[in-house]
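Novice: Single-letter residue listing:
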Amino acid sequence: MGFDEFARAFLNYDSLVAAAPLLMQGALVSLLLIVSIVPAALALGILVAVAYDLGGPLRRRAIIVYIDFLRAFPPLVLLILIYSCLPFLGVRLSEFATVVVALVANGSAFFGEIVRAGIESVGRGQREAARSTGIGQVGTMVFVVLPQALRNVVPPLASNMVELAKATSFAAVVAMPDLLRNARTAQDIVYNPTPLMAAAVIYLAVFWPAVRLLSRLEQRMVLARR
Amino acid sequence: MPASAATGDAVVRIEGLSKTYGTTPALHAVNLTVRRGEAVAIIGPSGSGKSTLLRCINRLEEPTEGRVFVDGVDLTSRSVDINKARREIGFVFQSFNLYPHLTAQGNVRLALRLVLRLGRAEATARARAALDSVGLSDKYASYPSQLSGGQQQRVGIARALALDPKIMLFDEPTSALDPELVGEVLAVIATMRARGMTMVIVSHEMQFAREVADRVVFMNEGVIVEENTPDELFNRPVRQRTRDFLARVVRH
Ligand SMILES: Nc1ncnc2c1ncn2[C@@H]1O[C@H](COP(=O)(O)OP(=O)(O)O)[C@@H](O)[C@H]1O
Ligand SMILES: [Mg+2]
Numbered sequence: 001m002g003f004d005e006f007a008r009a010f011l012n013y014d015s016l017v018a019a020a021p022l023l024m025q026g027a028l029v030s031l032l033l034i035v036s037i038v039p040a041a042l043a044l045g046i047l048v049a050v051a052y053d054l055g056g057p058l059r060r061r062a063i064i065v066y067i068d069f070l071r072a073f074p075p076l077v078l079l080i081l082i083y084s085c086l087p088f089l090g091v092r093l094s095e096f097a098t099v100v101v102a103l104v105a106n107g108s109a110f111f112g113e114i115v116r117a118g119i120e121s122v123g124r125g126q127r128e129a130a131r132s133t134g135i136g137q138v139g140t141m142v143f144v145v146l147p148q149a150l151r152n153v154v155p156p157l158a159s160n161m162v163e164l165a166k167a168t169s170f171a172a173v174v175a176m177p178d179l180l181r182n183a184r185t186a187q188d189i190v191y192n193p194t195p196l197m198a199a200a201v202i203y204l205a206v207f208w209p210a211v212r213l214l215s216r217l218e219q220r221m222v223l224a225r226r
Numbered sequence: 001m002p003a004s005a006a007t008g009d010a011v012v013r014i015e016g017l018s019k020t021y022g023t024t025p026a027l028h029a030v031n032l033t034v035r036r037g038e039a040v041a042i043i044g045p046s047g048s049g050k051s052t053l054l055r056c057i058n059r060l061e062e063p064t065e066g067r068v069f070v071d072g073v074d075l076t077s078r079s080v081d082i083n084k085a086r087r088e089i090g091f092v093f094q095s096f097n098l099y100p101h102l103t104a105q106g107n108v109r110l111a112l113r114l115v116l117r118l119g120r121a122e123a124t125a126r127a128r129a130a131l132d133s134v135g136l137s138d139k140y141a142s143y144p145s146q147l148s149g150g151q152q153q154r155v156g157i158a159r160a161l162a163l164d165p166k167i168m169l170f171d172e173p174t175s176a177l178d179p180e181l182v183g184e185v186l187a188v189i190a191t192m193r194a195r196g197m198t199m200v201i202v203s204h205e206m207q208f209a210r211e212v213a214d215r216v217v218f219m220n221e222g223v224i225v226e227e228n229t230p231d232e233l234f235n236r237p238v239r240q241r242t243r244d245f246l247a248r249v250v251r252h
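Protein chains in written order, with the numbering used here: chain A, 1 to 226; chain B, 1 to 252.
These are computed hints drawn from the structure, not numbers from a lab. You may find that some hints are simply not true.
Claimed, not checked - Straight-line distance between alpha carbons at most 25 Å, and here's what the computed SDA-like set of lysine to any residue pairs gives: (1) B:Lys84 to A:Gly56; (2) B:Lys166 to A:Gly139; (3) B:Lys139 to B:Arg120; (4) B:Lys139 to B:Ala176; (5) B:Lys166 to A:Gly56; (6) B:Lys166 to B:Tyr143.
Note that the structure is predicted; figures quoted are calculated from it, not measured.
Using the sequences provided together with the hints, build the complete structure.
Specialist: Printed below as a string of structure tokens:
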């Protein structure tokens with residue numbers, strides 16, 4: 001295959017123009033998924049970690065099961081399972097809601113485990129100091145322990161946020177018109193893979209700088225710890 | 001010189017206090033009373049239960065047996081509002097335990113906001129007044145990492161003092177400090193003492209204990225061996241164990 005042939009298939013200008021509206025809509029849906037899922041998963045993960053820390057042995061064991069199960073379960077399988085099983089249980093969720101539920105559950109387990117480690121890294125003396133001034137358990141957690149705990153785990157948190165954002169492309173398998181799915185729809189219309197190529201470029205344009213930023217962040221944390 | 005006003009009612013009353021960690025006995029049947037306006041120094045070898053005793057006075061440790069009353073409130077009772085009780089009991093830690101993510105002012109202000117529920121402006125004013133009283137009026141905005149050990153410990157004292165406690169507990173407040181920084185912290189404690197603050201100080205600074213305390217308690221292996229005025233205890237110790245200990249620390 002010569003370059004001309006390659007260009008006609010993968011870098012076809014007319015196809016690109018034809019696919020542009022679909023790609024834009026798809027990118028918007030993907031963005032909407034990311035901003036719905038990532039913050040919600042992080043919030044739920046923090047809640048899980050705090051519930052673990054303030055809980056008795058029984059609750060702790062239950063939370064470990066929650067975290068381990070969802071970390072072990074492949075997110076794509078979880079998504080398809082929820083998508084195909086919920087209707088049989090009489091629960092009707094939109095595709096969007098299905099994706100959000102599956103990925104928030106998955107993300108919350110990873111974030112929960114990371115934040116739990118962060119909370120454990122904060123010295124006992126910090127809590128004792130707060131409690132000795134009459135601050136309650138919750139106030140101590142929110143204003144003394146969590147700020148330090150989160151700061152200690154910024155790199156793994158950020159890295160998992162990127163993972164979770166990338167996982168939103170799984171939405172395509174449950175017929176969500178996200179970037180990936182719309183690119184494939186456009187591909188069927190224009191009869192060449194140019195739209196798919198364009199989608200790949202868009203994904204890379206977003207996530208490449210994100211992972212570069214991550215490396216910088218990690219480096220800075222290592223330096224700060226010296 | 002200590003105010004000799006040690007005649008007030010009991011701020012702390014400890015009755016038959018025992019504490020066991022797993023199978024390690026740390027305290028055994030300790031009785032102690034601290035009267036209003038009194039300064040009590042606790043001395044004794046490492047591992048003798050000094051910290052454990054002090055920590056039981058605000059229930060940072062749960063006593064295994066016995067009762068602890070602070071200002072008439074039974075801290076060991078099940079129904080006690082421990083957070084309310086702790087407002088009245090200032091605690092100063094050997095390792096400062098400042099919040100590293102907050103400024104000096106933020107450290108002092110947190111409990112004023114959360115516990116006393118003061119507005120932001122009022123809490124800030126009161127935090128600054130507390131920092132002023134420990135000689136840190138130029139350090140409001142400094143983070144703990146930007147302060148010397150002596151300054152950090154003074155923030156720790158201000159944090160407790162700002163709540164206007166009925167009693168202050170100090171657990172070896174100067175033993176984590178470089179020798180040249182010990183004086184500034186002891187000076188702050190002496191000033192509080194001169195203003196009539198009731199306090200219990202665990203300290204290795206024998207000279208300071210002698211100067212600031214109305215009463216000195218010598219502990220060994222989880223029991224109070226001997227307690228007396230500084231003059232009596234340091235110059236005419238009754239028990240052999242006390243004599244041995246004093247001989248050791250004075251020689252060093
Ligand atoms: N958290 C703990 N767990 C187990 N043992 C402890 C703990 N804290 C103190 N101990 C033990 O209790 C005894 C008294 O300790 P402590 O009150 O810290 O003595 P001091 O302050 O006089 O050095 C020691 O034997 C110590 O090892
Ligand atoms: Mg100690």
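Novice: Please go over all the hints and tell whether each is borne out by the structure.
Specialist: So, going through the hints one by one against the coordinates:
no.	hint	verdict
1	B:Lys84 to A:Gly56	holds, 24 Å
2	B:Lys166 to A:Gly139	holds, 23 Å
3	B:Lys139 to B:Arg120	holds, 19 Å
4	B:Lys139 to B:Ala176	holds, 21 Å
5	B:Lys166 to A:Gly56	violated, 33 Å
6	B:Lys166 to B:Tyr143	violated, 28 Å
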